[in-house]
Amino acid sequence: MAHHSQHTQSSHSLPSRRSALALGGGLVAAAGLTACSGGGTASSTSATPLAPTSSAGGSIRILDDNTNKIFGSGVVARFEKDTGIKVEKYEQANFNDLHDRLATLFSAQDSSYDVVMTWAAWSAEFGRAGWLQPLSQSAVPAGVLPAALDAVSYGGTVYGLPKFASAQTMFWNKDLFEKAGLAPDTAPATWDDFVSAAKELTGGGVYGYAADLGNTDGAYQNFLRVLLLNGGTMYDSANKPVFNSDKGVDALDRLVKLLRTDKVMSPSSLQITNSSDLNTLFANGKAAIVFNWPAQYPVAVAKGALGKAAVGSGILPGIAVRSASIDGSEGFAINNYSKNKAAALKWLQYVTTAAVQKQMVQEEGWFPVTSSLLQDKTVTSELPIVSTYLQESRYQIKRFGAPWYSDVVQQLSTGITKAMLGQTTPKKALDAAADQASTIIAKYK
Amino acid sequence: MPASTLTPPRRPRGLPRLGGGRAERGDRRFNLLLMAPAVLVVLALFAYPIGYAGWLSLHQWDDKISPVHPYVGVDNYHQLFSDPAYREALDRTVYFSVITVLAGVALAIGLAVLLTQQFRFRALARVLLLVPWAVPPVVNGIMWHLIFDGDTGIANTVLRGLGIIDTNKQWLSSPTSAMNVLIFAEMWKLLPFLTLLFIAALQGVPANLYRAASIDGAGAIRRFAFITLPSIRTTILFALIVQSMWSLKVFDTIYVLTGGSGGPAGGTTTINFFAYLTTFSNLDRGYGAAIAISIMALVLLIAVFWMLLFRAPSWFVARGTRRRTA
Chain A
1 MAHHSQHTQS
11 SHSLPSRRSA
21 LALGGGLVAA
31 AGLTACSGGG
41 TASSTSATPL
51 APTSSAGGSI
61 RILDDNTNKI
71 FGSGVVARFE
81 KDTGIKVEKY
91 EQANFNDLHD
101 RLATLFSAQD
111 SSYDVVMTWA
121 AWSAEFGRAG
131 WLQPLSQSAV
141 PAGVLPAALD
151 AVSYGGTVYG
161 LPKFASAQTM
171 FWNKDLFEKA
181 GLAPDTAPAT
191 WDDFVSAAKE
201 LTGGGVYGYA
211 ADLGNTDGAY
221 QNFLRVLLLN
231 GGTMYDSANK
241 PVFNSDKGVD
251 ALDRLVKLLR
261 TDKVMSPSSL
271 QITNSSDLNT
281 LFANGKAAIV
291 FNWPAQYPVA
301 VAKGALGKAA
311 VGSGILPGIA
321 VRSASIDGSE
331 GFAINNYSKN
341 KAAALKWLQY
351 VTTAAVQKQM
361 VQEEGWFPVT
371 SSLLQDKTVT
381 SELPIVSTYL
391 QESRYQIKRF
401 GAPWYSDVVQ
411 QLSTGITKAM
421 LGQTTPKKAL
431 DAAADQASTI
441 IAKYK
Chain B
1 MPASTLTPPR
11 RPRGLPRLGG
21 GRAERGDRRF
31 NLLLMAPAVL
41 VVLALFAYPI
51 GYAGWLSLHQ
61 WDDKISPVHP
71 YVGVDNYHQL
81 FSDPAYREAL
91 DRTVYFSVIT
101 VLAGVALAIG
111 LAVLLTQQFR
121 FRALARVLLL
131 VPWAVPPVVN
141 GIMWHLIFDG
151 DTGIANTVLR
161 GLGIIDTNKQ
171 WLSSPTSAMN
181 VLIFAEMWKL
191 LPFLTLLFIA
201 ALQGVPANLY
211 RAASIDGAGA
221 IRRFAFITLP
231 SIRTTILFAL
241 IVQSMWSLKV
251 FDTIYVLTGG
261 SGGPAGGTTT
271 INFFAYLTTF
281 SNLDRGYGAA
291 IAISIMALVL
301 LIAVFWMLLF
311 RAPSWFVARG
321 TRRRTA
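Chains as they are written, first to last, in full-length UniProt numbering: chain A, 1 to 445; chain B, 1 to 326.
Derived from the structure by calculation, the hints contain no laboratory data.
A portion of the hints provided could be inaccurate.
Not everything, but these chain A residues come out facing chain B in the computed CB check (under 8 Å) [claimed, not checked]:
no., residue
1, ASN96
2, THR104
3, LEU105
4, GLN109
5, ARG128
6, PRO267
7, GLN271
Here are a few chain B residues that sit away from chain A, every Cβ distance over 12 Å (derived from the structure) [claimed, not checked]:
no., residue
8, GLY110
9, ASN140
10, LEU172
11, ALA200
Think of the CB as a built atom: it goes at the ideal place given N, C-alpha and C, for glycine as much as any other residue.
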């Protein structure tokens with residue numbers, strides 16, 4: 001009896017087989033209809049260059065790296081007020097994580113972000129892949145510095161607008177120079193001068209020189225800088241890797257000697273994975289000379305650090321040429337799958353305006369992106385290293401951004417680190433990397 | 001063989017016919033239908049990604065090079081055998097796995113034995129054991145990065161204080177020492193889980209076995225070898241399989257320790273990290289998928305290896321006990 005009553009009860013509480021089937025069928029059909037109505041509508045991926053329009057409105061979402069604070073702390077709000085365009089989201093991510101995040105986003109033809117941060121390597125890589133919206137020349141503000149524009153372009157196509165200009169500069173600690181008996185206001189002009197100064201400066205827990213060789217891009221940059229100073233180049237006109245030339249081998253050999261023979265390079269250089277860690281090391285007085293990005297300056301002169309009077313800045317000391325540097329300009333580009341490209345372009349242009357650029361100089365220490373601001377007295381007085389950049393720009397400033405950048409840099413940096421560790425010779429390391437780079441580049445033809 | 005032996009036995013009277021009547025068959029189908037959503041979820045979460053990865057691995061799928069993705073057959077798998085970077089990553093993975101799996105399981109058994117003994121503050125010790133397990137993997141990576149920092153890390157300070165080193169060591173600057181730091185960080189993270197597993201298993205071993213062995217004159221080592229180990233055999237097998245899988249797919253600690261590079265000089269790039277770099281940094285999805293499939297195959301092979309090893313363990317079962325009872 002109990003069993004019977006239980007059975008009866010469950011018969012009433014559970015749906016019958018037929019009704020369950022009908023319900024399930026209905027749900028599947030509804031899910032199918034939802035899927036049909038919601039998916040499959042790929043956004044426009046037109047390669048037609050985008051020109052500014054007066055009718056831009058609506059909202060945008062921005063994915064930036066975590067270099068600049070000014071956007072989150074005021075620029076975004078002013079942009080919204082001035083243009084009437086709403087910034088639904090301004091998100092910052094660690095630079096080291098951003099490449100893979102963007103690549104995944106683009107691969108999925110995702111339109112979650114309208115504006116993304118870019119620089120020389122990504123403009124080439126993502127631009128060539130058709131993931132960035134090309135811009136028309138009419139979208140480029142007058143007077144944008146060619147080196148800065150180069151960082152957001154590839155193969156003659158402009159894929160974005162720069163947010164700041166940047167090149168590696170020499171910084172030195174005047175107090176430590178004085179203590180070592182060196183002229184505090186005179187920058188070492190040649191590589192030999194630099195090495196001999198670094199030797200004098202090394203001791204008592206302080207190293208004459210420190211670098212950020214700890215990750216792939218850092219190792220590459222440090223080698224590239226000496227390669228350029230030695231009059232070398234990465235590729236020939238046919239994109240054949242030539243960084244293993246005599247000049248390249250000599251450049252890497254000089255870098256190795258700093259660490260292993262002269263012992264003037266801080267050993268921690270091999271594990272510094274971020275230029276901001278280098279900023280801290282210099283600002284703490286643990287390294288007397290560094291070659292770093294302009295953002296080094298505000299960190300070094302900040303309260304509690306070295307102070308303005310103790311920080312010297314100058315062009316990099318040459319080997320075969322007087323000087324040369326690496327470009328580090330960054331910018332914004334428009335996701336080719338964006339649903340609101342007109343408003344996204346407004347943001348790109350807004351960032352290049354004098355008001356935003358001056359704030360960038362004052363608060364972040366990066367160089368302005370237009371030539372007029374580079375000569376502006378308020379800018380040069382606020383940031384003395386802008387004058388150094390003007391001097392620097394008379395010499396070669398290169399980055400060699402290319403679609404194969406990350407693949408080649410991975411191989412090259414492995415060789416550089418092995419040479420730095422004494423596990424192989426500079427020549428063997430560079431020859432092996434050049435072979436691998438040739439194989440990689442051949443795939444792009 | 002007589003024909004009659006092939007004839008299936010007659011169904012005893014009173015038992016329902018195999019397959020049942022119409023109503024029973026309908027109920028079975030209905031049960032299957034009720035299970036279908038769960039099966040579909042499993043298919044969506046496991047079978048589809050694996051199938052898609054397999055399909056991807058048969059194509060040349062490098063978005064940076066071409067928007068066209070031709071079918072290339074087993075070319076990507078062929079590349080695995082000729083790619084020195086893959087071989088080096090595999091060597092590093094073997095080094096990492098052998099240490100973390102064998103030393104990890106051995107240490108966990110030792111800790112579990114220790115923590116099942118009666119001593120003061122045992123409860124506190126068990127709680128403290130859980131701390132590494134509670135730390136998120138990324139935080140774990142950051143923490144060890146800070147500890148082993150060449151300039152400001154506490155590891156150098158402690159070792160200098162103990163007189164073990166004279167000058168600061170740059171732990172993360174050479175491939176070998178960076179790999180050893182990685183192993184250390186991973187062991188710290190995995191030990192609590194494995195130890196908890198073994199504590200649970202040890203609590204299921206009947207205490208009278210130990211009492212009887214003691215009466216028979218067996219010392220602590222013999223009791224451990226002939227009672228403890230055989231009693232927790234299945235847990236050891238489980239721990240070895242699970243830890244082998246984890247060691248093959250280690251990622252987050254490498255990412256954080258090395259600034260996302262797998263360095264220095266690729267020294268901490270294990271095969272899983274190599275798959276990541278290939279797929280997401282180099283955007284070579286086809287080859288990346290082939291590497292991922294190879295990792296899956298390795299996981300299966302290793303699991304089978306451990307199961308076969310534990311199937312006929314003449315060295316592992318209580319030989320001493322058998323001899324005495326024979």
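The hints, checked one at a time:
About 4 Å separates the beta-carbon of ASN96/A from the nearest beta-carbon of chain B, less than 8 Å, and the hint is met. Hint on THR104/A holds. Least Cβ distance to chain B is approximately 6 Å, under the 8 Å limit. Look at LEU105/A: its Cβ only gets to about 11 Å from chain B, farther than 8 Å, so that hint breaks. The restraint placing GLN109/A at the interface with chain B is violated, with a minimum CB-CB distance near 11 Å, outside the 8 Å limit.
A hinted interface residue such as ARG128/A counts as satisfied when its beta carbon comes closer than 8 Å to some beta carbon of chain B; here the least separation is about 7 Å, so the hint holds. For PRO267/A, the shortest C-beta to C-beta distance to chain B is roughly 5 Å, which falls under 8 Å, so the interface hint holds. A distance limit of 8 Å between C-beta atoms decides the matter here; for GLN271/A the minimum to chain B is near 4 Å, and the interface restraint holds. Separation of GLY110/B from chain A is adequate, the least Cβ-Cβ distance of about 33 Å exceeding the 12 Å criterion.
For ASN140/B, the requirement that its beta carbon stay farther than 12 Å from each beta carbon of chain A is met, with the minimum near 17 Å. With a minimum CB-CB distance of about 4 Å to chain A, LEU172/B fails to clear the 12 Å threshold, and the non-interface call is violated. With a least CB separation of 37 Å from chain A, ALA200/B remains clear of the 12 Å interface cut-off, as annotated.
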